[in-house]
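Input sequences plus hints: build the corresponding full structure.
Residue numbers (the numbering used here), protein chains in the order written: chain B, 1 to 163; chain D, 1001 to 1395; chain S, 2001 to 2156.
Hint data in this document are derived by calculation from the structure and do not stem from the laboratory.
Think of the CB as a built atom: it goes at the ideal place given N, C-alpha and C, for glycine as much as any other residue.
Some clues are possibly wrong.
Claimed, not checked - Which bits of chain B does chain D cover? Going by a derived footprint, with three or more residues having C-beta under 8 Å, they are:
{"hint": "1", "region": "11 to 18"}
{"hint": "2", "region": "70 to 81"}
{"hint": "3", "region": "112 to 118"}
{"hint": "4", "region": "142 to 153"}
Unchecked claim - A few chain S residues facing chain B, derived, Cβ under 10 Å:
{"hint": "5", "residue": "HIS2014"}
{"hint": "6", "residue": "GLY2017"}
{"hint": "7", "residue": "MET2019"}
{"hint": "8", "residue": "VAL2024"}
{"hint": "9", "residue": "GLU2074"}
{"hint": "10", "residue": "PRO2076"}
{"hint": "11", "residue": "GLY2113"}
{"hint": "12", "residue": "ARG2142"}
{"hint": "13", "residue": "GLY2144"}
{"hint": "14", "residue": "ALA2145"}
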Amino acid sequence: MSRKDIEEGRVPTFKDKPEARYAWAAGVAMGRFLAELKEGRIIGRRCRACGRVLVPPRMFCEWCFRPTDEWVYVRDTGTVLTYSISYLGPAAERLKEPVIIAVIELDGASPGIGILHKLGEVKPEAVHVGMRVKAVWKPPEEREGAITDILYFKPLEGGGGGE
Amino acid sequence: MMSSVKRRVAVVGAGITLFRRRLKETGRELSFYAAKMALDTAGITLRDVDAVVCGTAPDAFDGVHMKGEYLLDGMGGHRKPFVRVYVGGGTGVFTPIAAWWHVASGHFDIVLAVAEEKMSSCYPHPQKAFTTIFDPMLTRPLGANLVWIFALEMQRYMHVHGVKKEQIATIAVKNKRNALDHPCAQLAAKITVQDVLNSEVMVWPVQRLDISPPSDGAAAVVLAAEHVAKRLTDDPVWIEGVGWCLDSTYWTNRDLYYPKYVEYAARMAYKMAGIKNPPKEIDVAEPYDPFDYKEAHHAEGLMLARKGEYLKDVKDESDIFARYGRDGDLPICPSGGLLGVGNPIAAAGMMKVCEIFWQLRKEAGKRQVKNDPRTGVAQAWGDLMQVGTVVVMRV
Amino acid sequence: MSVERVRLPHEVRHWLGDMEADYVYTLGIAGEKFYAGLKEGKIIGARCPSCGAVWVPPSIYCPECFEELTEWVELPDEGTVYTFTVAHVGPDGRPLEEPVVYALIVPDGASGGILHKLGEVKPGEAYIGMRVKAVWEDPDKRKGAITDIRYFRPIE
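Okay, structure coming up:
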């Protein structure tokens, strides 16, 4: 049967919209991560056993299966590991303006340790793996302690800012 | 790792429903059709079944909490030992693995394994249910859509290996065409590489014809211990190897170009089955193909080709059929896969297990591969690029 | 590690959100028969050719025999209270103005029963084994829903 069969009532159906509201506990690590974002900083955790600096931070290292040891600030610059251009929104709706997303390896975090975010101030055709980028933050008074306190990452001129 | 198994286990029957975007039947009714067909082809009734294993993906798709328990009596679980397993898209192959545990351990002789999904209940599109897989703080606020991670993974695969879209698109062409011979197929079609490249861009580099659809459907198999299997049929299909492995949810901290978790699951299964040289010893394979590039990605994880080399000799349509078509060097996804037959999450992987069963028994009709297959592999994948489940079957 | 007692989610740094999903449920093959029957003022069950049980609400398979059921049977709209309860609190946890009696009613001849309300009876008067009969909604107001029966009332 087709969607029209449902919309035009040819097939009897029952509609429901269960209400599910959540207050997800951020947890110890994410709580600090969000608080630092509000201050315009990105923080990670180091595991001394494997030596990795992990972002997003976690209180345990999943490789070594032991608690992580210390907080480490990482830079808000990094390198694009992979990227994509999305014409789809969260409900599979078509977007008029595409969103450019990328996994960005942050300077100061271990190799391969990246976060997902958007890219801005760049044309889709210009994006490439290996591109150097820098975070563009919301003004301090607008930050809430959320991943969106970073508006997007934009290309770094001249590829500078790295280690 | 373990190497001694108590008992040999065989698949002795299989059943499947139509896969469609939207079916009238409830999840229980779909499960009943698949389960009954599996029992009938095995030549047994529900009374002979000792236990039932249910595989079904999130409650959020069907929209019923405690979905395993809800589906129970349609799956023949009435007053029987019943358990639901779930590892995202890996479920369809994990369900027979869990059923294998039941029999191989010596605990039960005959086990019915049923996988079901009714994604059409989530209205108008299951995408909203899908997005709850993402971290609510880190990812959802960015407006994430599940296709994003496939696109990011596909981009990485193409970048690291220098594989082009034209090459990947041949997989969609092959599978949709193979599906023309599958009686349950939802999206069988004769398309060309150009059709794929011209289709609507969803999340670049993913285009509409690169993706399998959400579906309603169910599939089932009956597993039996050796002494029972030999009584029931002259053609048992032995489960010679099982493997499963999961990677972490921190997917932005991993290089997505290669599915290590599929390789580890495959190694586990191959070791059990005594397979040392997969491309030579495996006659037919059904890797999980929710997207066309995934067939390549997973086939490499299954070590059927070296990393980045699945499409090395494939430049166009004729190449892919020559290498991986039903008459090809190594038939891959002769069923038509998820791209052609459909993707009711849990039932899709089970469909692949059913396909290997029929292929090894030479019961696949027009889809039959011609190389006299004795050993086949079915694989599924799931979650945030995390799950690999593998089953090796042999006659 | 912070293992403190926390009573309210808001005492911990938290992230608010919804899990949004809208559902449209098909009734299924058996469901369509059942609800179409209700619209016509009938209670429909399905008879198993193997064990003879008449299942209500109906299904396309017998859960015990696993036979396919194709015989739809009209059941009387009278039956017996198998069990009941008196609700003082609503689905959202708030107190109800008037308590409501819910019961599992087995129509005569059926295996299985229907969950519904009892009406025209004081909560203290309901008992297991009580004979009841359906009170139907007006024919032109019926929608093909369980509410096409308004409630079951006691009969002598």
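Hint by hint, here is what the structure shows:
1. For the region 11 to 18 of chain B, the assignment as covered by chain D holds, since 4 residues bring a beta-carbon within under 8 Å of that chain's beta-carbons and 3 suffice.
2. Coverage of the region 70 to 81 of chain B by chain D is violated in this model, with 1 residues showing a Cβ closer than 8 Å to a Cβ of that chain against a need of three.
3. With a threshold of 8 Å between beta carbons, the proposed coverage of the region 112 to 118 of chain B by chain D holds, since 7 of its residues qualify and at least three are required.
4. As drawn, the region 142 to 153 of chain B meets chain D at 3 residues by the rule of a beta-carbon pair under 8 Å; at three or more, the given contact holds.
5. Taking 10 Å as the C-beta cut-off, the interface hint given for HIS2014(S) holds, the closest approach to chain B being about 4 Å.
6. Restraint check, GLY2017(S) versus chain B: the minimum CB separation of about 5 Å is within 10 Å; hint holds.
7. Among the interface hints, the one on MET2019(S) holds; its C-beta lies about 4 Å from the nearest C-beta in chain B, closer than the 10 Å criterion.
8. Given hint, VAL2024(S) at the interface with chain B, holds; its Cβ is 5 Å from that chain's nearest Cβ, closer than 10 Å.
9. Hint on GLU2074(S) is violated. Least Cβ distance to chain B is approximately 19 Å, over the 10 Å limit.
10. Hint status for PRO2076(S): violated, given a least beta-carbon distance of 24 Å to chain B, over 10 Å.
11. Among the interface hints, the one on GLY2113(S) is violated; its C-beta lies about 20 Å from the nearest C-beta in chain B, farther than the 10 Å criterion.
12. Here the hint on ARG2142(S) is broken, as its CB sits about 13 Å from the closest CB of chain B, past 10 Å.
13. Satisfaction of the interface hint for GLY2144(S) is found here, the shortest Cβ-Cβ separation to chain B being roughly 6 Å, below the 10 Å cut-off.
14. With its C-beta approaching chain B no nearer than about 8 Å, ALA2145(S) sits inside the 10 Å limit, and its interface hint holds.
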